[in-house]
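Enquirer: Here is what each chain is made of, one letter per residue.
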Amino acid sequence: MTPKNIIFAIVAVGLLIIAPLGQGNYITYVLCSWLLFSIAAMGLNLTLGYAGQVSLAQASFMGIGAYITALMTLNGIHWILAMPCAVAATFFVGLVLGYPALRVQHHFLAFVTLAFNTLVFLAFRNEEWLTGGSFGLVGMPRPDFWVFSTMKQLPFYYFTLVCFLISAAAFWWIVHSPWGRAFKALRENPIRANSVGVDTRRMTLLAFAIGSAFGGLAGALMTPLVQFIEPGSFALVHSLKLLLMVVVGGAGFFFGPILGAAIVILMPEVLRFTEGYYLIIYALLVIVLMVYSPTGLMGLGGKVITRFRPQREVRKDMVQGAQL
Amino acid sequence: MSETILSVRNVSKNFGGIQAVREVSFDVKRGEVLGLIGPNGSGKSTLFNCVLGQLKPSSGEVHVNGRNVAGMRACDLNKLGVGRTFQQLSVFPQMSVIDNIILAGQEHHGTMLSRLFGPSDAGLTAEAEQMIAFFRLSHLRDELAGSLSYGQQKLVDAAMAFMAGPSLVLLDEPAGGVNLTMLGNLKERLKTYNESHDTTFVVIEHNMEFVMSLCSRIVVLAEGAIIAEGTPDEIRNNQQVIDAYLGG
Chain A
1 MTPKNIIFAI VAVGLLIIAP LGQGNYITYV LCSWLLFSIA AMGLNLTLGY AGQVSLAQAS
61 FMGIGAYITA LMTLNGIHWI LAMPCAVAAT FFVGLVLGYP ALRVQHHFLA FVTLAFNTLV
121 FLAFRNEEWL TGGSFGLVGM PRPDFWVFST MKQLPFYYFT LVCFLISAAA FWWIVHSPWG
181 RAFKALRENP IRANSVGVDT RRMTLLAFAI GSAFGGLAGA LMTPLVQFIE PGSFALVHSL
241 KLLLMVVVGG AGFFFGPILG AAIVILMPEV LRFTEGYYLI IYALLVIVLM VYSPTGLMGL
301 GGKVITRFRP QREVRKDMVQ GAQL
Chain B
1 MSETILSVRN VSKNFGGIQA VREVSFDVKR GEVLGLIGPN GSGKSTLFNC VLGQLKPSSG
61 EVHVNGRNVA GMRACDLNKL GVGRTFQQLS VFPQMSVIDN IILAGQEHHG TMLSRLFGPS
121 DAGLTAEAEQ MIAFFRLSHL RDELAGSLSY GQQKLVDAAM AFMAGPSLVL LDEPAGGVNL
181 TMLGNLKERL KTYNESHDTT FVVIEHNMEF VMSLCSRIVV LAEGAIIAEG TPDEIRNNQQ
241 VIDAYLGG
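Those protein sequence lines, which keep their order, are chains A and B.
Note that UniProt numbering numbers the first sequence so that position 108 is 108, with each residue one more than the last.
Note that UniProt numbering numbers the second sequence so that position 192 is 192, with each residue one more than the last.
Rather than coming from a laboratory, the hints here were simulated on the basis of the structure.
Quick reminder that beta carbons are idealized off the backbone N, C-alpha and C, glycines included.
A portion of the hints provided could be inaccurate.
To spell it out: a stretch of chain B is covered by chain A in this simulated footprint if at least three of its residues, at any positions, have a beta carbon under 8 Å from a beta carbon of chain A; those stretches are [said to hold, decoys possible]:
1) 90-98
2) 106-113
To list a few chain A residues with every Cβ distance to chain B over 12 Å, as calculated [claimed, not checked]:
3) Ala-12
4) Ile-17
5) Phe-92
6) Arg-125
7) Gly-136
8) Pro-143
9) Val-175
10) Ala-182
11) Ala-235
12) His-238
13) Arg-272
14) Met-290
15) Gly-301
Interface residues of chain B toward chain A, partial, derived using beta-carbon atoms under 8 Å [as the list claims (entries may be wrong)]:
16) Met-72
17) Ala-74
18) Cys-75
19) Lys-79
20) Arg-84
21) Phe-86
22) Ile-102
23) Leu-116
24) Ala-122
25) Ala-164
Pulled out of the complex, with its shape left as it was, chain A reads as follows (with noise of 0.2 Å):
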């Protein structure tokens, strides 16, 4: 990390403790929403991003995570033994959901992930006696730590966030060591990457499974935030959700899907004045900005930048955004 970095995530941070400060609950909800949701989407962001994998099933690890981690902490069991079991759950789910990417790609690869998503949904819908069906579940306790307890809405945003910073540096140091290098060449050149030693299939498998874990960790989150779990917040258009978020901040960007998240979650908010046009409004800034700058907010930060500062170059790669 260069000083100017490390001044930029030392800003950053401060300003994340700063943001609940003086706010409503309802505010801080939203904040913890969008801190819990970045960190899903940095999951898909390695998938997808990094190793180009696409996938439409990332609620549904938030699902089969928000479950165990409910079903663990209604039995009594502690939320910080709860959460790893959630996230090595999600973490073979997803290594298991990896191997037909060894076998088909791009929209083909998609289909079966939504497959994948649908038949979770329908798991947590029908099975009843597990998952409370429709009714899902309610009543599952925050977590207390001592003296710290999260059962109000601050705390609560300070032990999401302490999650978050955890999360991202697990991120970044994955996407920065020479597991990352293969990621990104498992996207652009599998071929290749394969004839200089790189286990591709290995790799696939790890992509999958890691944006997995980190769904499985959003989902542990989501348990005792909301504490009312059901299927409907689990379906194919949460995944679907998750993946605008990844595209429109910027795909295999590190800042990428939070600020995705940050549109996704926190925009309705902002553009609450405009009552019923809301979605409207919110639908052509998507197409806009897809259309200028395929490569998200990211890639349309970098534009600006070249324009204003030609001669610092500005980081080229994924030019062509994700590739679905």
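Following the hints, complete the assembly by docking chain B onto the known chain A.
Expert: Same frame as chain A, but now just chain B:
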């Protein structure tokens, strides 16, 4: 030059009723530069793909350093010491030149876990810079590989093939589409590398001048079978080879 690095034994490959490669056998010794030539459709690429594990031979065996590699995955073959270049441009276009070269070496260093927790460059920056300097690409170190000229990308491709210190490198039409100046540079670099590292090369090439000046021995294929084998001078004067190329 006594140790056999690559041994191709009675390899045949059929596609339905078509026999693309017929009972081909040859050995390549350490440090040797073998040219594999033949007219279009003679079975060179099929044989190449059988050696590289991309196609499983219908019969016969391929041994690298004494180990049967028929049907082996490309990544495992690479770890066994086999590097390759591609006929088409095959760099990672949206990664910098240095990242391309580091990637080509990183899988040979440490374990999966050590690569996750170790340094970002897998400790290979200095080695990669040496390789880039060897191919005279130092001024392009941080450029995106996809933004380089065709010939420069061919050099990056070659540098990637050598990064892991292979004992055998298969070069698939390295001269294809490369201009004369760049071609001379590539040939000179390959010769230098071969002499300094004692690395074995197998070269498929249509550019006869390139093959004749680079290779110490040449195998000629026609209709899937070997029709001649010898030094460049012997091949140049072989009537069967002349007939095969001129359709006599």
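Enquirer: Under the criterion of a CB-CB separation shorter than 8 Å, is B/Met-72 in contact with chain A as hinted?
Expert: With Cβ-Cβ at 11 Å, over 8 Å, it is violated.
Enquirer: Answer holds if the nearest beta-carbon of chain A is closer than 8 Å to that of B/Ala-122; otherwise answer violated.
Expert: With a closest approach of 5 Å, the B/Ala-122 hint holds.
Enquirer: Please check whether the beta-carbon of A/Pro-143 is more than 12 Å away from every beta-carbon in chain B.
Expert: holds (29 Å)
Enquirer: Since A/Met-290 was said not to touch the interface, does its Cβ keep a gap of more than 12 Å from each Cβ of chain B?
Expert: holds (20 Å)
Enquirer: Can we keep the B/Ala-164 interface hint, with Cβ of chain A closer than 8 Å?
Expert: holds (7 Å)
Enquirer: With 8 Å as the cut and Cβ atoms as the points, is B/Arg-84 at the interface with chain A?
Expert: holds (5 Å)
Enquirer: Per the CB criterion, is B/Phe-86 less than 8 Å away from chain A?
Expert: holds (7 Å)
Enquirer: Are all beta-carbon distances from A/Phe-92 to chain B longer than 12 Å?
Expert: holds (17 Å)
Enquirer: Once the shortest beta carbon distance from B/Leu-116 to chain A is found, is it less than 8 Å?
Expert: holds (5 Å)
Enquirer: Is A/Ala-182 truly not at the interface, in the sense that its beta carbon sits beyond 12 Å from all beta carbons of chain B?
Expert: Check fails; 7 Å does not lie beyond 12 Å.
Enquirer: Once the closest CB in chain B is found, is it more than 12 Å from A/Ala-12?
Expert: holds (21 Å)
Enquirer: A cut-off of 12 Å on Cβ-Cβ distance, and A/Val-175 was said to be off the interface with chain B. Does that hold?
Expert: violated (10 Å)
Hint compliance for this structure: hints 9, 10 and 16 are not met, and every other hint is.
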